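Enquirer: What follows is the residue order along each chain.
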Amino acid sequence: MHEYERGGVHSHDPMGNGAIAMAHTILVVDDTAFMRMMIKNVVQKHGYQVIGEAGDGEEAIAKYKELRPDLVTMDITMPKLDGISAIKAIMEFDPNAKIIVCSAMGQKAMVIEALKSGAKDFLVKPFEADRVIEALQKAVG
Amino acid sequence: MTYESDFKLDVLKELGNIGAGHATTALSTLLGNKKLTLVVPEAMIVGMQESMSLCGGPESLVGAIYIRVSGGLCGHMALLLPYESVQSLLGYLLGAAPQELRDMELSTLQEVGNIVVTSYLNALAEMTNTQLFPSVPAVAVDMAAAVWSSILAGAEVADYITIVQTGFQTDAEIIDGTIAFIPDEEDLAKLLGALGMGEL
Numbered sequence: 001m002h003e004y005e006r007g008g009v010h011s012h013d014p015m016g017n018g019a020i021a022m023a024h025t026i027l028v029v030d031d032t033a034f035m036r037m038m039i040k041n042v043v044q045k046h047g048y049q050v051i052g053e054a055g056d057g058e059e060a061i062a063k064y065k066e067l068r069p070d071l072v073t074m075d076i077t078m079p080k081l082d083g084i085s086a087i088k089a090i091m092e093f094d095p096n097a098k099i100i101v102c103s104a105m106g107q108k109a110m111v112i113e114a115l116k117s118g119a120k121d122f123l124v125k126p127f128e129a130d131r132v133i134e135a136l137q138k139a140v141g
Numbered sequence: 001m002t003y004e005s006d007f008k009l010d011v012l013k014e015l016g017n018i019g020a021g022h023a024t025t026a027l028s029t030l031l032g033n034k035k036l037t038l039v040v041p042e043a044m045i046v047g048m049q050e051s052m053s054l055c056g057g058p059e060s061l062v063g064a065i066y067i068r069v070s071g072g073l074c075g076h077m078a079l080l081l082p083y084e085s086v087q088s089l090l091g092y093l094l095g096a097a098p099q100e101l102r103d104m105e106l107s108t109l110q111e112v113g114n115i116v117v118t119s120y121l122n123a124l125a126e127m128t129n130t131q132l133f134p135s136v137p138a139v140a141v142d143m144a145a146a147v148w149s150s151i152l153a154g155a156e157v158a159d160y161i162t163i164v165q166t167g168f169q170t171d172a173e174i175i176d177g178t179i180a181f182i183p184d185e186e187d188l189a190k191l192l193g194a195l196g197m198g199e200l
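In the order they appear, the protein sequences are chains A and B.
Each residue of the first sequence is one higher than the last, beginning at 1 in this note's numbering.
Each residue of the second sequence is one higher than the last, beginning at 1 in this note's numbering.
Don't read these hints as lab results, they were simulated from the structure.
Here the structure is a predicted model, which means the values were calculated and not measured.
Beta carbons: idealized from backbone N, C-alpha and C, even for Gly.
Be aware that a few hints might be false.
[Said to hold, decoys possible] Listed next, with one range per pair, are the computed distances between beta-carbon atoms:
1) Asn96(A) to Val46(B): 47 to 57 Å
2) Arg68(B) to Ala109(A): 13 to 23 Å
3) Leu81(A) to Asp103(B): 18 to 28 Å
[What the hints assert, rightly or not] If you want the ones that stay clear, here's a sample from chain B, every Cβ over 12 Å from chain A, calculated:
4) Gln49
5) Glu84
6) Gln87
7) Leu94
8) Glu111
9) Val117
10) Ser119
11) Val136
12) Pro137
13) Ala140
14) Ala145
15) Leu152
16) Glu185
17) Asp187
18) Gly193
19) Ala194
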């Protein structure tokens, strides 16, 4: 059995010293249910706990304030409010928020704007699972 | 056809080639690095009626994902897939070919379209040194004629449209499709200018 398949709260042992740490919590933001499912599958396999999902920028801000996740994966092109605006609002609420952008919009200017707004990393869809985990690990240090 | 319109088509074709190359790589990655062959793009100026015959004819069932492009260059982009290709794609991505298309199937189709079309757009933005913004994609499964009518109504074109048609194909399965890029008429000149070719 994999570690992440244990019952109850997902736990992992990032330090490798036998001390079981609480799993990092993630809010997954994307307007398509398919991409949320893909991201959820990848992160859960690596011991992260998805505590919420949002389908647009407004919902993302509300869910962030409500759930206070350790990490956020954020799409850019979404209805109601785009991801860049949502990043700005979340960073204003919590300057320590750790947000990773996952978007198909890989144009340089967009990447720069997202990073300037406070995103920790920018993954261009379609992404490899390893890249997602690497970015998450880097963001939580 | 005049030299000028020939030249315009040539430029569009080349843009289509590079854009579709990026889109094909994106789709291939999405499909677990499955080998995809790019069908050589064709740029054409077609009338309403002719556009209906693209992607299997007006009465064929297609899945379509459509976005409005804004920013440095305005226009419309669409990915059209014959229904068989929709089923192959969904079967591959969701584990089994669906009997009917429910929310998750449509959501998957929307995301495939979003990634493919936006990859194309990213290449175009890089080449023209502009920023291009895709709208949230709309998704539809309907007869080709109905889908084209919706796209062209959104494109506000009456008589003729410029279309860059490209596609991709795997060795084992048929996942062919059409990417249509329909730049707004006045922006076509801007596009050529951005590529350093001046206005025609």
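Enquirer: For each hint, tell me whether it holds in the structure or not.
Expert: Hint check:
A C-beta distance of roughly 54 Å is found between Asn96(A) and Val46(B), which places it inside the suggested range of 47 to 57 Å. For Arg68(B) paired with Ala109(A), a C-beta distance near 19 Å keeps the hint of 13 to 23 Å intact. The hint said 18 to 28 Å for the Cβ distance between Leu81(A) and Asp103(B), and at roughly 22 Å that hint holds. Residue-level check passed: Gln49(B) sits 33 Å from the nearest beta carbon of chain A, beyond 12 Å.
At roughly 20 Å, the least C-beta separation between Glu84(B) and chain A is larger than 12 Å, which holds for a residue marked as non-interface. Every beta carbon of chain A lies more than 12 Å from that of Gln87(B), the smallest distance being close to 15 Å; the non-interface claim holds. Remark: the non-interface label on Leu94(B) conflicts with the geometry, its nearest Cβ contact in chain A lying 8 Å away (cut-off 12 Å). With a least CB separation of 4 Å from chain A, Glu111(B) falls inside the 12 Å interface cut-off, contrary to its annotation.
Against the 12 Å criterion, Val117(B) falls within the reach of chain A, whose nearest CB is about 8 Å from its own CB. The non-interface label for Ser119(B) is inconsistent with chain A: the shortest C-beta to C-beta separation is roughly 6 Å, within 12 Å. For Val136(B), the non-interface assignment is contradicted: its Cβ lies about 5 Å from the closest Cβ of chain A, within the 12 Å cut-off. With a closest Cβ-Cβ approach of about 8 Å to chain A, Pro137(B) is found to fall inside the 12 Å limit, against its non-interface label.
With a least CB separation of 15 Å from chain A, Ala140(B) remains clear of the 12 Å interface cut-off, as annotated. Chain A leaves Ala145(B) outside its interface by the beta-carbon criterion, the shortest separation being 27 Å against a cut-off of 12 Å. The non-interface label for Leu152(B) is consistent with chain A: the shortest C-beta to C-beta separation is roughly 23 Å, beyond 12 Å. Every beta carbon of chain A lies more than 12 Å from that of Glu185(B), the smallest distance being close to 24 Å; the non-interface claim holds.
With a least CB separation of 17 Å from chain A, Asp187(B) remains clear of the 12 Å interface cut-off, as annotated. Distance to chain A confirms Gly193(B) as a non-interface residue, since its nearest Cβ pair spans about 19 Å, more than 12 Å. With a minimum CB-CB distance of about 14 Å to chain A, Ala194(B) clears the 12 Å threshold, and the non-interface call stands.
Comparing the model with each earlier hint shows violations of hints 7, 8, 9, 10, 11, 12; every other hint is respected.
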